[in-house]
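Visitor: Keeping their order, the protein sequence lines are chains H and U. So the first sequence is numbered by this note's numbering: it starts at 1 and just counts up by one. So the second sequence is numbered by this note's numbering: it starts at 1 and just counts up by one.
What the hints contain is simulated information worked out from the structure, not anything from laboratory work. Hints are supplied without guarantee of correctness; some may be wrong.
Intra- or inter-copy, both count: the list cannot distinguish identical chains.
Said to hold, decoys possible - Pairs of lysine to aspartate or glutamate residues, derived as EDC-like cross-links and limited to a Cα-Cα distance of at most 20 Å, are as follows:
| hint | residue 1 | residue 2 |
| --- | --- | --- |
| 1 | K113 | E47 |
| 2 | K128 | E96 |
| 3 | K186 | D176 |
| 4 | K4 | D163 |
| 5 | K85 | E62 |
| 6 | K147 | D29 |
| 7 | K160 | E192 |
| 8 | K186 | D163 |
Computed from a prediction, not measured in an experiment: that's the story for all the values here.
Number of protein chains: 2
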Amino acid sequence: MNQKGLLIVVSGPSGAGKGTICKELIHRDHDIVVSVSATTRAPRAGEIDGKSYHFLSKEAFETMIGSDSFLEYAQVYDNYYGTPKQFVIDRLEAGENVLLEIDIQGALQVKRKYPEGIFVFVLPPSMKDLRHRIIHRGSETADSLEKRLSCAYSEIEYIKNYDYFIINDTVCHATDILQSVITAEKCRVNAEIEEIVKRFKEEMENA
Amino acid sequence: MNQKGLLIVVSGPSGAGKGTICKELIHRDHDIVVSVSATTRAPRAGEIDGKSYHFLSKEAFETMIGSDSFLEYAQVYDNYYGTPKQFVIDRLEAGENVLLEIDIQGALQVKRKYPEGIFVFVLPPSMKDLRHRIIHRGSETADSLEKRLSCAYSEIEYIKNYDYFIINDTVCHATDILQSVITAEKCRVNAEIEEIVKRFKEEMENA
């Protein structure tokens with residue numbers, strides 16, 4: 001097994017169910033580290049600083065942007081949201097796997113900064129199912145529903161930038177596949193293989 | 001999931017335990033297709049033509065070499081051994097996963113002819129363990145034992161040509177990992193993704 005941790009980026013169109021799959025993965029795998037986002041929006045009732053989000057002032061956030069301290073960030077209306085880089089890098093160096101659940105634009109930013117990440121695209125079983133899921137979240141007008149669906153339509157093109165796709169037929173099955181992806185990727189031949197070969201050869205010479 | 005089957009090539013130094021892992025995989029996964037080798041050597045007692053091997057005359061084997069009908073082949077002393085190509089390609093096209101357990105030189109030949117294969121290198125937990133396994137197979141003189149170990153030593157370098165490495169600490173654990181690799185690879189974004197995107201888009205347009 002490779003020593004360095006994996007950055008697992010789970011992404012996909014809104015309504016595909018990436019959040020539910022990530023929750024199930026965290027529930028099953030207690031060793032996985034979840035990245036906590038930073039934001040400049042005000043905390044809501046019950047939200048805990050450092051757990052729900054890292055709540056930052058606009059100035060602090062912009063200073064971090066200036067020092068390239070985010071793996072990705074976006075401005076949504078008046079607020080910033082982003083993934084602080086140092087925490088993720090530290091955990092990966094310590095050999096821990098880090099999970100990042102993120103929208104497609106964010107994932108593409110992460111890929112530019114950390115191409116060694118494992119990029120997983122979650123698909124709904126069908127577009128009909130996606131429509132159903134978005135409607136059942138409620139709070140969508142007919143107009144915003146069409147907007148969301150049309151957005152999902154164009155977002156699916158981005159799947160080509162990902163390493164894996166998982167069809168979210170059931171949460172259990174989709175999470176099984178995500179776990180298999182993590183297990184497989186820990187055994188992928190990469191730059192770390194030199195170290196493993198070296199260890200075997202040294203052992204052989206000392207035998 | 002991708003529609004085309006996977007060619008899973010399990011390889012590694014002699015004594016690493018690739019045969020045992022493959023047997024356990026076949027035992028667990030009844031859908032996996034095992035490729036049967038062809039040979040010009042005479043059948044031994046109990047061997048069944050088409051199951052143990054495809055037993056061919058030297059002339060028939062050489063005709064197949066001439067028509068590029070092997071994924072790989074080798075001459076060992078007076079006999080040929082090889083993997084007939086058509087059977088494997090037909091099963092893959094039918095969406096079935098095909099398992100090929102093969103030595104390193106054979107695997108490298110397969111990779112040249114079928115680079116889309118999944119190449120898995122099985123490592124012993126340690127060189128000490130490899131020595132132990134080879135001795136316990138019996139029938140090795142001190143001299144041929146050293147030859148085998150020295151061969152394993154140089155063969156480990158070839159791991160760089162593989163996609164995955166599996167440390168055979170226990171057969172059960174190693175087979176778990178091999179199954180995860182197969183599950184993950186079925187969901188890898190590859191040329192087939194265009195088809196999946198197309199299907200989603202058509203469904204969306206007809207919704």
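Visitor: Determine for every hint whether it applies to the structure shown.
Guide: Evaluation of the provided hints:
Taking the closest pair of Cα atoms, K113 and E47 never come within 20 Å of each other, the shortest separation being 29 Å inside a single copy and 56 Å across copies. Taking the shortest alpha-carbon separations for K128 and E96, neither the intra-copy value of 38 Å nor the inter-copy value of 29 Å comes in at or below 20 Å. In this assembly of identical chains, the alpha carbons of K186 and D176 lie at most 20 Å apart whether taken from the same copy (16 Å) or from different copies (13 Å). For the identical chains of this complex, K4 and D163 are neighbours both inside a copy (19 Å) and across copies (17 Å), given an alpha-carbon limit of 20 Å.
Proximity of K85 and E62 under a CA criterion of 20 Å is satisfied intra-copy only: 14 Å inside one chain copy versus 60 Å between copies. In this assembly of identical chains, the alpha carbons of K147 and D29 never lie at most 20 Å apart, being 35 Å within a copy and 44 Å across copies at closest. For the identical chains of this complex, K160 and E192 are inter-copy neighbours only, at 10 Å across copies versus 26 Å inside a copy, given an alpha-carbon limit of 20 Å. Taking CA atoms no more than 20 Å apart as the test, K186 paired with D163 passes in both settings, with 14 Å inside one copy and 11 Å between copies.
Checked against the numbered hints given earlier, this structure breaks hints 1, 2, 6; the rest are met.
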